[in-house]
Amino acid sequence: MRILIGEDDTLLREGLISVLERDGGFEVVAVAHTGDEVTRLAAQTGPELVLTDIRMPPEFTDEGLRAALRIRVAQPAMPIVVLSQYVQRRYAAELLARPSAGTGYLLKQRIGDVGAFCADLRRVHSGATVLDPEVVELLIARAGAAAPLAALTGRQHDVLALVAAGRSNAFIAHVLRISEKAVVHHVSHIYDHLGLAPNDDDHRRVLAVVHYLADAGA
Amino acid sequence: MSCPFYPRGSVEEFTTITRRRPGTRVILMGVTSVDNGPGSTSAPRIRSAPARRRPGLGLLTATLVTFAWVEAALLLADGGEPWWVPLVLPAAAVVFAVAGQVASMRRPHNRMGALLMLGALSMLAAGTAGLAAPAASAVGVILATMPLAVLVHLLHAFPSGRCRSGISRLIVVAGYVVSIVLQAPQYLFEPSQSMRGTLALADRPDLAAVAHNVQIVVGIAVMVATAVVLALRWRRATPARARVLAPLYLYGGLAVLAVPLIPDLVAPVTGLDDVDAQLIQGIVVGLVPLAFLTALMVGGFTRVGELEELSVRLAADDRDRLAPALADVLGDPSVQLAFLRTGADEFVDADGHPVMLPEPGAHRAAVPVEVDGGRIGAIVYDPAAADDLRTIRAAARVIALAMDRQRLEVELRAEQRAVRESRARLVAAADRERERIARDLHDGLQAQLVLLAVQAQQLAMRPDMPQAASEDAVRLRGRIDEAAARVRGLVFTVMPPLLVERGLVAAVEDLADRMPVPTTVTGELEVPVGEPARSTAYFVVAELLSNAVKHAQADRVSIHLTRHGGVLAVTVGDDGVGGTDGSGHGMRGITDRVGALGGTLKVNSAVGAGTTVRMELPCGS
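For the record, the sequence lines run as chains F and L.
Under our numbering, the first residue of the first sequence is numbered 1, with each subsequent residue one higher.
Under our numbering, the first residue of the second sequence is numbered 1001, with each subsequent residue one higher.
You may find that some hints are simply not true.
To give an idea of the chain F side of the interface with chain L (calculated C-beta under 8 Å), a few residues [what the hints assert, rightly or not]:
hint : residue
1    : D9
2    : L12
3    : D23
4    : G25
5    : V28
6    : V31
7    : Q85
8    : Y86
9    : E94
10   : L96
11   : K108
12   : G112
13   : I140
14   : A141
15   : H211
Away from chain F, derived, C-beta distances all over 10 Å, residues of chain L [stated by the list, open to error]:
hint : residue
16   : G1343
17   : E1415
18   : R1436
19   : A1456
20   : Q1458
21   : R1477
22   : A1485
23   : L1498
24   : R1502
25   : R1514
26   : P1516
27   : A1542
28   : R1614
Just so you know, these hints were derived from the structure itself, not from any lab.
Nothing here was measured: the structure is a model prediction, and the numbers come from that model.
In this text, a Cβ means the ideal position worked out from N, Cα and C, and glycines have one as well.
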């Protein structure tokens, strides 16, 4: 898979390249140092996935996120993963506002779990939505503060968090050590409870849940 | 009137001034009469010319006007064609006398009035030349050109009535010499000049002609020198003064030139006959005193009160009126008071703002104000508006005690200002430091932790790694991730990145997102709030939200943000137990912070009725 990297910090960039090329077997086609460069190189070098830091020069605020949103408009089919030292509900909501190709929003620290990180990139490349557990926690806490999430059982909470993070039924079953059938049962109960339409498509299921959570109480 | 801050003697001296109040009469039109009375030995030593009743003034004017009438009547009796020609000089004399009277009433300490009276006298004297009585006529012949010298004198002496420089005094004296001494040979050696030659010593027209030429040359020199002096004075004047001085100087110069030139130069060229020339001369000269009077009354040359009145006004204990009262009395609206801060070589104004005393030679000047020989401040004034340095020095003595009393308040204000500014600077410096620390943690430490985690994991994945070592490396990575999470938390506490990246509303919404109870954020901030108000407001909200959860056991919290002009208002309300007095450690911290920026924090927290805290903070416009 051909990847465009947006990262201004030299050490982190080298670390990323090493992880992607050595451990992930990906090809880094271009490296951008600013938000504008990310947008430009995404159009010029034709990567299969864009991986960018949110905080980039020249302002060191959210240039990377803005570049990602511009790419969303110019190349809706481009899978994008944004990395950050910390996560915000607001950034997740902006990133997921437009239904499109695969999207990821991960803490930088997740790079350390090399295998999981590379797997997440592949899932985004295949069209999935991957949210960092911290983002999901934020979303659920927010929604829980305002909406009837409190009525869910602890197990249903766990399932909801994993669904929102973009995990498949099989993965959830594996992590929670329950049967896939039990997962389907939980998900359908959660759907009923939140008033969402049942949906077999994993990706759209994630989006529905995420939108529900992001909008709740806002 | 007891004031513990002042030496006893000084207070007594001050009360001496105030006790004079019953004897003080303030008369409209700015004429102030204060009867110093026989006990003036105990009066404060105010050395400016004390205001006295001036019964002689009206008498003098009346005498001059009467003389003018008599002279006019006698001249009319002698006849002439046309009949009004002899009236020109007496009429001009009356205008001078009345203008002099008005000027003296308006400005008792100003000598312009006296000079105008002198002008009236010179007009009358010159007018007697036409009288039939030889003795009276002789006076007129001797003083024929004196009005010109008085005109020059008036120009040099404006606005105070005193010649301020040695050059001016020299020129004025030269003017009188030209008009009186150099006039003498003309009647001494030319019998036709005086009636029946009574004043002639010899019949030497040649000598008279030589003397006349000398008089013309010196006269021109006097006029040129006058023009130069006045032009320089005009250039040095403030723009406001210059606007008054320019027409006065031009008109005065024109009048001085018109008197000799109209009959000798203008009339022959324009074909003006003798009678018309005399009429024009009379009108030009007659308007001179009105020009001076007008100039004296406008443009800040006017003093509407006197020093004694100032002391009375000061006694009224209306301290903020000190500078305006002084401005009125000195006739200089631009007067400022500069207070010397104790123990500091720094002057401040009444609001405690630092002020610089003017440099020598500047448009403004300063006179020191002293109490017991020690300097406490200065009067900063416009030298062009001040008629007399002695008056300002006297004013400095009159206001010294009142100013010293006000100085304590001013110093307090200056110190409060300094403390407030220093607190605000401390807050700003602390914020900058927080931001720097957050950036260092963010860019340095967090990035390193990411790389360490990557390395630990790569180590674990090495094919030559024994199983146990590989598991250790994975555990190590987990520990590094924990450390990274703690650093993230630390960055949030120090200076949340979202506040810097997206501003106050986004950062407050993020705080609300992380609240365990329903929390709403409402209100609008159309203009981004700048530092240090932004982080102050953020930390206030963070502290209040934390209190709502930790202490108030609230089930709902609301945050409202608005901005009206330069004031940011943030209200945080909860439905918790209430009853807080806002004295906790965290509350004290944010109260100090808000106070340092000149804001307020109001806590409304009745037991059982929840807590509402409203913060108002200046945030620039």
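Verification of the hints:
no. : hint  : in the structure
1   : D9    : holds, 5 Å
2   : L12   : holds, 5 Å
3   : D23   : holds, 7 Å
4   : G25   : violated, 13 Å
5   : V28   : violated, 15 Å
6   : V31   : violated, 16 Å
7   : Q85   : holds, 5 Å
8   : Y86   : holds, 5 Å
9   : E94   : violated, 10 Å
10  : L96   : violated, 15 Å
11  : K108  : holds, 5 Å
12  : G112  : holds, 3 Å
13  : I140  : violated, 11 Å
14  : A141  : holds, 7 Å
15  : H211  : violated, 16 Å
16  : G1343 : holds, 47 Å
17  : E1415 : holds, 40 Å
18  : R1436 : holds, 13 Å
19  : A1456 : violated, 7 Å
20  : Q1458 : violated, 7 Å
21  : R1477 : violated, 5 Å
22  : A1485 : violated, 7 Å
23  : L1498 : violated, 6 Å
24  : R1502 : violated, 7 Å
25  : R1514 : violated, 7 Å
26  : P1516 : violated, 6 Å
27  : A1542 : holds, 15 Å
28  : R1614 : holds, 23 Å
Hints 4, 5, 6, 9, 10, 13, 15, 19, 20, 21, 22, 23, 24, 25 and 26, counting from the list given before, are not met by this structure.
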